[in-house]
Amino acid sequence: MGWDTKDVALLKRLWSAGQSAGQIAGRLGCSRNAVCGMLTRLGLKRGHKPPTARPKIRPPPKLRQASSAASARPAAKKVSRITAKRQQPKEFSKQQLYAILAEAVRNTG
DNA sequence: CCCTGATTCGC
DNA sequence: GCGAATCAGG
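Residues in the first sequence are numbered consecutively from 1, following full-length UniProt numbering.
Among the clues, some could well be false.
Pairs of lysine to aspartate or glutamate residues, derived as DMTMM-like cross-links and limited to a Cα-Cα distance of at most 20 angstroms, are as follows [unchecked claim]:
hint : residue 1 : residue 2
1    : K94       : D7
2    : K45       : D7
3    : K94       : D4
4    : K12       : E103
5    : K6        : E103
DEER-style ranges, computed between Cβ atoms [said to hold, decoys possible]:
hint : residue 1 : residue 2 : range
6    : Q95       : T40       : 14 to 20 angstroms
7    : F92       : G37       : 19 to 25 angstroms
8    : Q95       : K45       : 27 to 33 angstroms
9    : G2        : G43       : 17 to 23 angstroms
10   : G43       : Q95       : 27 to 33 angstroms
11   : A99       : V8        : 29 to 35 angstroms
12   : G43       : K94       : 25 to 31 angstroms
13   : G37       : K6        : 16 to 22 angstroms
14   : K45       : S93       : 14 to 20 angstroms
No lab work stands behind these hints: they were computed from the structure.
The beta-carbon is built from N, C-alpha and C at its ideal position, and this holds for glycine as well.
Turn these sequences into a full structure, and let the hints steer you where they fit.
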């Protein structure tokens, strides 16, 4: 997932527009985790829920993937909705992107 | 039950 | 720096 300037821009735009990480993730074609992580790295976030309780208590589930640092994977989403996954890469035309953006801003602005 | 958000971990 | 794994709350 090479985060291009446009990707980050779209991410920030949709995020600011009020879109959820899942939505942005879907539009960008990546997992919400990537989007959320990106937002965290960018220093965005909405600051809704404070670090309820996530110190660093991570059991020894070592060995996560065993290949690329951050890239491919069945992405079987451990948590919830383990029934079907997105197959189509979801291609959005510029017009379509502008459409969703318009809709997003329409909702927020 | 599902979705959503945030953090931490491994490369 | 990136994505995945994972918990926590609504």
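These are the hints, each one checked on the structure:
no.	hint	result
1	K94 <-> D7	13 angstroms, holds
2	K45 <-> D7	16 angstroms, holds
3	K94 <-> D4	16 angstroms, holds
4	K12 <-> E103	15 angstroms, holds
5	K6 <-> E103	19 angstroms, holds
6	Q95 <-> T40: 14 to 20 angstroms	31 angstroms, violated
7	F92 <-> G37: 19 to 25 angstroms	22 angstroms, holds
8	Q95 <-> K45: 27 to 33 angstroms	30 angstroms, holds
9	G2 <-> G43: 17 to 23 angstroms	20 angstroms, holds
10	G43 <-> Q95: 27 to 33 angstroms	31 angstroms, holds
11	A99 <-> V8: 29 to 35 angstroms	20 angstroms, violated
12	G43 <-> K94: 25 to 31 angstroms	28 angstroms, holds
13	G37 <-> K6: 16 to 22 angstroms	18 angstroms, holds
14	K45 <-> S93: 14 to 20 angstroms	30 angstroms, violated
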